[in-house]
Amino acid sequence: MNALLMNNLSLAQRYAAQVRRRLTVLALLLLALLLVFAADLGTGPSGIAWSTVWQGLLAPQALDEGTRVILWDVRLPYAVMAVLVGAALGLAGAQMQTVLNNPLASPFTLGLSAAATVGASLAIVTGFTAWGLGPDIALPLCAFGGAVVAALLIHLLAWRWGASVNAVVLFGIALMFSFEALLWLLQFLADSNALQQIVFWSMGSLGRSTWPKIGILATVVLVCAAWTQSQAWAMTALRSGEDHARSSGVDVERLRLVSLVRVSLLSGTALAFVGTIGFVGLVGPHIARLILGEDHRFYLPASALAGALMLSCASILSKVLLPGVVLPIGIVTALVGVPVFMLLVLRHQGGLRA
Amino acid sequence: MKNTRRLMLAGLGLAWSLLAGQAQAADGLVTDLAARTVRLPASSERILLGEGRLIPALAILEREDVSRRIVGMPGDFEQLDPAGYAQYAQRFPRLRTVARTGRTTAESFSVEKAIALKPDVAIFGLEGHGPSPNDRETLARLSAAGIVVVFVDFRKEPLQNTARSMEIMGRVLRRDKEAAAFVAEYTAQLARVTRKLATLKTPGPTVFLENRVGLGEECCATMSNGLMGRLLDAAGGVNMAKGLVPGAFGMLSLEQLVSRPPDVYIGTAIGSPETAARMPMRIVLGAGVDAKTAQDSLARAVQRKGIATLPAVRQGRAHAVWHHFYNSPFNVVAVQVLAKWLHPELFRDLEPQQTLAMFYQRFQPVPLSGQYWTTLAPAAATASR
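Top line first, the protein sequences correspond to chains A and B.
The numbering of the first sequence is numbering that gives the first Met the number 0, which starts it at 0 and goes up by one.
The numbering of the second sequence is numbering that gives the first Met the number 0, which starts it at 0 and goes up by one.
Watch out, some of these pointers could steer you wrong.
Capping the alpha-carbon separation at 25 Å, the derived lysine to any residue pairs in SDA-like fashion look like this [what the hints assert, rightly or not]:
id	chain 1	residue 1	chain 2	residue 2
1	B	K155	A	N192
2	B	K304	A	P211
3	B	K155	A	F187
4	B	K291	B	R259
5	B	K241	A	G323
If you're looking for bench data, these hints aren't it; they were derived computationally from the structure.
Just chain A, with the same shape it has in the complex (with noise of 0.2 Å):
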């Protein structure tokens, strides 16, 4: 039927109709985000009425002392940093995917997020408080040198040597365990305070959500999607083929790098602020494309919007499951992002055999 109605239009007729489509459903994914954030805004063990939260939100200083800390202090940096954190992980793994042009790409399987826990473990480990600054941001510090490194490495490989898109992202895999082993080390040789220090950082969390750091993440946010979104086209060409892109004029090199470094910047600074939180970054853009496409015009932002609604989802879900005690983010996201990736891994490959 729709496809009858279709056939009559021109061209541009109905690539406008797609491109309208596509423009609604990312602002119906914004509208289910805003939902969220609200709803995640709603929830806690105080049990606060969301009228009062409304009320809160415009005129805090008409609120009891204890609830507008709960508000401006706990509920709402909580939140905000989920969106931020999740649309960090989704945009960078978008990219990874893309440069990479391998689905498993994600700052957490290729050892973004290994190499950033060993460096704030090593912060934990040795009492670095970067030159008396406190180990307030000692840790994040080192955190996002790791991943800094990581990303490095990987970048040595694929540009310096030339390795194929399969070897970088086989190095990668390598690169997590190898982290992943230092880490081991790291606890090994820390003492029982440190210990629970590093499990308690490589679990994730938002409790370390301030103001200041939501404030730097999401002006790396925002750098990093125009940025990103500038170079769209160029991305979209690439997935077509990498001969295809460069026929058509695109960089890939420089592309590439120009995207590993905002990988790092984003996926660095958001594991510096809670931790690990994995699968956000890997399953944000599948589930991106399987709505929206390859066009990356839509294809970015909507990763970034699908990153952000999963980690709010489970930002929800740390507080309803346990009320009134810290459920760790990151064992949420692991616990529901698994099953999600699955599925999705199902679905396409029932497609590809049909």
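Chain A is fixed; fit chain B onto it per the hints.
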């Protein structure tokens, strides 16, 4: 002549009692805290400790030189409580040269090293940072090497097991008399709290017990059914983590804490003067810490987001207690301290400071120095307003 005979008799008597003692030991069986019945070793001249923090307990029995019989121990004491370790190491420098069988975790315990040290007896804790009853392979290897392993416990059920643990250690180390003296005092001191609390009709105040303040960045690590939580229960406090955190410890959400504020805030202190600059959010208590340093560190720690606005903090019902009481034979002192904070009227005549001083004087080779608990100064409480 008469003198010689008396001497000979005395000598005979001594020899007989020694023999009898040994015979009794050779026949003697002892049931340890893991409910294992073990045969007492013929000799207990070489001791292997499962945790370095058993030294204060051992010192209760080995009054002259706690280091004399230790041949091996892990490095948890100096890592987790450096100031406390320094006190013993200064008095008994040999402690520094005792072989280390591991670091602070059970995984790092080296069986090979332990066996090579040829200990007669190994004293392990039921749980904690050394080998536990679950490390069956380790235990099997040690017993194959002829090493007698006994389990004691100051941590899992601190108040139920401390007396029994001291008795077991006393039997194994042939220090029954010293053990009995301590157990009598310990039981009496514990009864001073439990007897009075039994008369109480109403439930005590609600308490938020923050575990290892300043360890992580996020709020709110707490202890529930175990560790210091047991001491809080015995002191007549209602732990707000009960029913929320199922295990011994866990993370309470900050929102829960703010929306259901506790009557009293109690943090456990893992800071030392050396870490104060590097980790300013840790509360500083323990050996060699003066009152002002302790109080200032508590005032700093309660300035954190969410904690600062708690009514308990504002109104000066915020306290801190030395973390390592949770694993110490002097845990009863912490019970007295908590009880006095929670029921000031009921325990007006209880002086925990005197109790601790008495324990040190009677049962420890090192002097009591330093603050082991502190309360937020009224000025600091007002400043956070």
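Evaluation of the provided hints:
no.	hint	in the structure
1	K155(B) - N192(A)	holds (18 Å)
2	K304(B) - P211(A)	holds (14 Å)
3	K155(B) - F187(A)	holds (23 Å)
4	K291(B) - R259(B)	violated (31 Å)
5	K241(B) - G323(A)	holds (11 Å)
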